[in-house]
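Protein chains: 2
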Amino acid sequence: MNAIGVDVGGTKIAAAVVTPEGEVLNEVRYPSSGPKERLLSSMARSVNEVRDGFEVGGICLAVPGTVSTVENKIIDAPNLHAIEGIPLKDELEERTGLTTTVENDANAAAWGGFRFGAGSEVSHLIFITLGTGVGGGVISHGVLLRGAQGAGGEMGHITIQATGPRCGCGNHGCLEALASGTAIARRAREVASEEPDSALGQLAVERAVLGEDVAGLARQGDEAAISVLRETGVWLGIGLAGFVNVFNPEVIAVGGGAARAGDLILDAARHEVRLRAMSPGRDLVEIKEATLGADSGVLGAAALARNSSSGEYVLGA
Amino acid sequence: MNAIGVDVGGTKIAAAVVTPEGEVLNEVRYPSSGPKERLLSSMARSVNEVRDGFEVGGICLAVPGTVSTVENKIIDAPNLHAIEGIPLKDELEERTGLTTTVENDANAAAWGGFRFGAGSEVSHLIFITLGTGVGGGVISHGVLLRGAQGAGGEMGHITIQATGPRCGCGNHGCLEALASGTAIARRAREVASEEPDSALGQLAVERAVLGEDVAGLARQGDEAAISVLRETGVWLGIGLAGFVNVFNPEVIAVGGGAARAGDLILDAARHEVRLRAMSPGRDLVEIKEATLGADSGVLGAAALARNSSSGEYVLGA
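Just so you know, the protein sequences line up as chains A and B, in that order. For the first sequence, our numbering gives the first residue as 1, with consecutive numbering after it. For the second sequence, our numbering gives the first residue as 318, with consecutive numbering after it.
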């Protein structure tokens, strides 16, 4: 049967009816702005509108925050504070009459990649998103590792340099603090001031350099921009090497905005994994770009929708 | 039915018949010295001797090395090179007629703790051994995370200080390089030379200080020794905080020789986890000493023995 995936982002809500093969049959979008009550109405309306005329077995909301499956609410959502503390499952079930599951968006993206994307051929997949922050999720032995409270899979918050820069989570030297889009922009500003004659340095005189500027300049051959992405890739690889030793995965798929820099970051990460991870895991693992496109959020969410009676995934596991 | 657990260590082979309740019915020990053929004979003899008069459903060998379940051999065993490359499963099955499973010793200890020890009440357990090195294993959602090749669970080989000291694995700044018994001894030598008047400093004049000396002096109140263990606990906590964020476990059980220092190390680790890990995982996790005693090796091994036909654990899961 089909399922509805709802991708609740910091700026928009996207809802889609998805088939067991990962095909999107219908999709609607609403803004995610406004206070709690307006947000809940937009979510419910998006579901009730998109389901019209389709048979569906359940909904999953993928949300940008720490989900407590035990307390059935969002603990912490730095980019969408309005949903913090809301019992989303109960609210959506009441407003739509459909069985509702709530999951962290990065865990949903990991499961989506496992069902339909870069990990669809394997049983051991790590999914990493490089965006404003670093998120992710792990499928090991075919099981999505949510942890005891559903708060697991915070792959960006392992310490890789204990004396490193402060992270948004309060810790120092997290993978996120060293390899996120935010870290790229910070490093770009530093390199721009060290190398004012580079294209990166010249852009920095005109305006604030963004993470996405760096990839563009690097592709045009600017050595300063290339060095920023290479250093980011080294830090990413230091984190990934640890994951290789702990999880022995077949695939590490890297997605998110900053991953659009592709091999400019990933080649340095692959090199660092070969240097730092142990055999045989380092020889097995394939580090590649995530393959699900613009629909990855709703696909990942739909893949985690569950039946009320059996508790099984509507789209299969 | 009962199973036989075989704990293959660097100096001895211990084999025991274990009941589904974790009771040891019979046990034998042999030295593990000698070349490949003598080692194989000792393993087979220990099994055939210990099983005499008991009904058993299978054997598991817990070995101190990286096990490739795919290639069915030991990839790397730094403390027992003689077993490297041997197809142990086939050799033992031929010599004993019993279905044989081969597992990494730290993964076996983790599963033993999950079935019979500090994790027997939970579904999400991380087991860490602090010995000469740092080993471990993870049970998440009730599943032992071996990874794609059986090489997972190398918890000591995550980077926590990328610019840190070189590790035995070739990497720099691994948890093992900063929190193992070896790291304790190295740190003790440094502190002894900085504080020659301390009890630790005075011992260092007489002879080489060992890891176990430090715990003894710390218990007698020597501040220099206490500071060595506290710093070790801080590094341990930095690693554990990352595991809390990634796995959201209910219990982290710490065993192995260096763990005998108990709260002298663990209190500092707990404090660091509270500082560095995220809510709600940091509030849930209980960090405690592993509870299985001298038989932990054979218990952990027996708990991983499998039936030939069903592939299920002989002692249950």
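Honestly, the hints are just simulated from the structure, not real lab data. Values in this document were obtained by computation on a predicted structure and should not be read as measured data. Hints should not be assumed to be uniformly reliable.
[As the list claims (entries may be wrong)] Pair by pair, the computed Cβ-Cβ distance ranges are: (1) B:E388 <-> A:G53: 26 to 32 angstroms; (2) B:E529 <-> A:P165: 50 to 56 angstroms; (3) A:R95 <-> B:E338: 48 to 54 angstroms; (4) A:P78 <-> B:L592: 17 to 23 angstroms; (5) A:G316 <-> B:E507: 38 to 44 angstroms; (6) A:E84 <-> B:P337: 42 to 48 angstroms; (7) A:A317 <-> B:G414: 58 to 64 angstroms; (8) B:V439 <-> A:N48: 35 to 41 angstroms; (9) B:E401 <-> A:G216: 46 to 52 angstroms; (10) A:R189 <-> B:G327: 48 to 54 angstroms.
Heads up, the beta-carbon is just placed ideally off N, CA and C, and yes, glycines get one too.
Indices of hints not satisfied (ascending): 1, 2, 5, 7
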